[in-house]
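**Student:** Residues 131 to 505, numbered by my numbering, are exactly what the sequence shown covers, in order.
Don't take every hint at face value.
[Unchecked claim] Across the chosen pairs, the derived CB separations fall in these ranges:
1) K363 - V175: 28 to 34 Å
2) R427 - L472: 42 to 48 Å
3) K133 - K501: 25 to 31 Å
4) P426 - R502: 25 to 31 Å
5) R502 - L450: 22 to 28 Å
6) D359 - Q391: 37 to 43 Å
7) P249 - P204: 14 to 20 Å
8) V364 - K501: 39 to 45 Å
9) A270 - K322: 43 to 49 Å
10) K322 - K133: 25 to 31 Å
11) P204 - A271: 20 to 26 Å
12) E181 - S466: 44 to 50 Å
13) S466 - E197: 41 to 47 Å
For the record, the hints were derived by calculation from the structure and aren't laboratory data.
Beta carbons: idealized from backbone N, C-alpha and C, even for Gly.
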Amino acid sequence: MIKLSRREDCCGCCACAAVCPHDAIRMEADAMGFRYPVVDASLCVECGLCEHVCAFRKVPEQGGEVEAEAIRFPEFLDGSQSGGLSFALMRKAVQEGYAVYGAALDRDLAVRHRRVEKPEELEPLRLSKYVQSDMEGIPAAVLQDLKAGRKVLFTGTPCQCAGVGSLCAAFRDRLLLADIVCHGVPAPAVWKAYLKEEAAGQGQAVAGALFRDPSLGWHEHKERLNFSDGSSKVQDHYTFLFYRHLMLRPSCTACPFASLQRPSDITMADCWGVEKALPGFADDNRGCSLLLAVTPRGKAFTESFQDSCERRPVELSRVLQRNMIRPTRASRYAKSFENAYLRKGFGHVYRHYGPASLNYRLDQWVWSLKKRFGK
131 MIKLSRREDC CGCCACAAVC PHDAIRMEAD AMGFRYPVVD ASLCVECGLC
181 EHVCAFRKVP EQGGEVEAEA IRFPEFLDGS QSGGLSFALM RKAVQEGYAV
231 YGAALDRDLA VRHRRVEKPE ELEPLRLSKY VQSDMEGIPA AVLQDLKAGR
281 KVLFTGTPCQ CAGVGSLCAA FRDRLLLADI VCHGVPAPAV WKAYLKEEAA
331 GQGQAVAGAL FRDPSLGWHE HKERLNFSDG SSKVQDHYTF LFYRHLMLRP
381 SCTACPFASL QRPSDITMAD CWGVEKALPG FADDNRGCSL LLAVTPRGKA
431 FTESFQDSCE RRPVELSRVL QRNMIRPTRA SRYAKSFENA YLRKGFGHVY
481 RHYGPASLNY RLDQWVWSLK KRFGK
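With the sequences and hints as input, model every part of the structure.
**Tutor:** Here's what the structure looks like:
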């Protein structure tokens, strides 16, 4: 039986609920919107399958050196946040008969994983969503597809990929896993509260959102909100709090997948540092993706991109990101932020933890001193 003594011990991948043959496990959201397993003891027979399938804290064992490439797809750059790798990967998969799973914004602008199998259905899965995706029912659906003989591409965070891979271990020959270099997943409840506050301030419902508007250029990280009256707003209120590490799922700060030992066949990321690593390759601020072919199957699948993209081998150490070495460290204000949000809402925490706040200005002052004196 799954027993959680700490919130840090669960990533919310839903594999345990999917594997239970007696439907004894349901995923319930806490006050921050993060889902955790709750066991109905009257249905549980102590078979241990839920504990066996749990992939969190099980460090993957991938053999061999990981090959890194800088890659970009010119036809997709205008609508992509980096080089278009994720969209190209999903499009190739559906064209080859795969069922594809990825994160999308629903009508209520909540982020949930969904299944698609046609090229015209892929657009909602495009672009990053900086909030934890709801995975309820998804691992079971992937397993059902595989049992029916389908090939499946599952895209998501490393912990989501690890959970799906563990549940579907008997079908790994037909399951292609593609993860992202993850900075950590913010709280769904905070995202929802942010949209509600913006709608109230605008006097219009939020009809659409981009977590990182690609039209602003690759290096600009701001969200765009589109309102029901046709107006829009570009700002970084939500993004600012995200990058301060104030509202991440507790398990993100103890992530076992923040390393080069990936749980998937393919790893995708922004290729930060490419301008210095490969001068002249991607200097136009339109984006560039980093591709890691982790397994032979991942390499074989991505090799056929050659006719539709620009790609160059790159020394991994030149473009190595922090979350490929260690997990994100939670802000020292994370707990007080959560308590304040639960008591007083989004507007209050933005005022008290945003760019005009005393604690942020103090952090910036300390950082400048450390930089100046090399400590």
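**Student:** Would you mind marking each hint as holding or not holding in the structure?
**Tutor:** Structure-based check of all given hints:
Range check, K363 to V175: Cβ separation about 53 Å, and the 28 to 34 Å hint is violated. As the Cβ distance of R427 to L472 is approximately 44 Å, the hint placing it in 42 to 48 Å holds. The hinted window of 25 to 31 Å between K133 and K501 is violated, with their beta carbons roughly 45 Å apart. One distance hint, 25 to 31 Å for the beta-carbon pair P426 and R502, is violated here, with the actual separation near 48 Å.
Here the CB-CB span from R502 to L450 is close to 26 Å, well matched to the stated 22 to 28 Å. The supplied range of 37 to 43 Å is broken by D359 and Q391, whose beta-carbon atoms lie about 49 Å from each other. For the pair P249 and P204, the supplied restraint of 14 to 20 Å holds, since their beta-carbon distance comes to about 18 Å. With their beta carbons about 29 Å apart, V364 and K501 fall outside the hinted range of 39 to 45 Å.
Separation of A270 from K322 is about 25 Å and departs from the stated range, judged on CB atoms against 43 to 49 Å. Take K322 and K133: their Cβ atoms lie about 29 Å apart, and the range 25 to 31 Å holds. In this structure the supplied range 20 to 26 Å is violated for P204 paired with A271, their Cβ-Cβ distance being about 34 Å. Restraint check, E181 to S466: a C-beta distance of roughly 34 Å breaks the suggested window 44 to 50 Å.
S466 and E197 have their C-beta atoms about 43 Å apart, which keeps the hinted 41 to 47 Å range intact.
The structure fails hints 1, 3, 4, 6, 8, 9, 11 and 12 (numbered hints given earlier, in ascending order).
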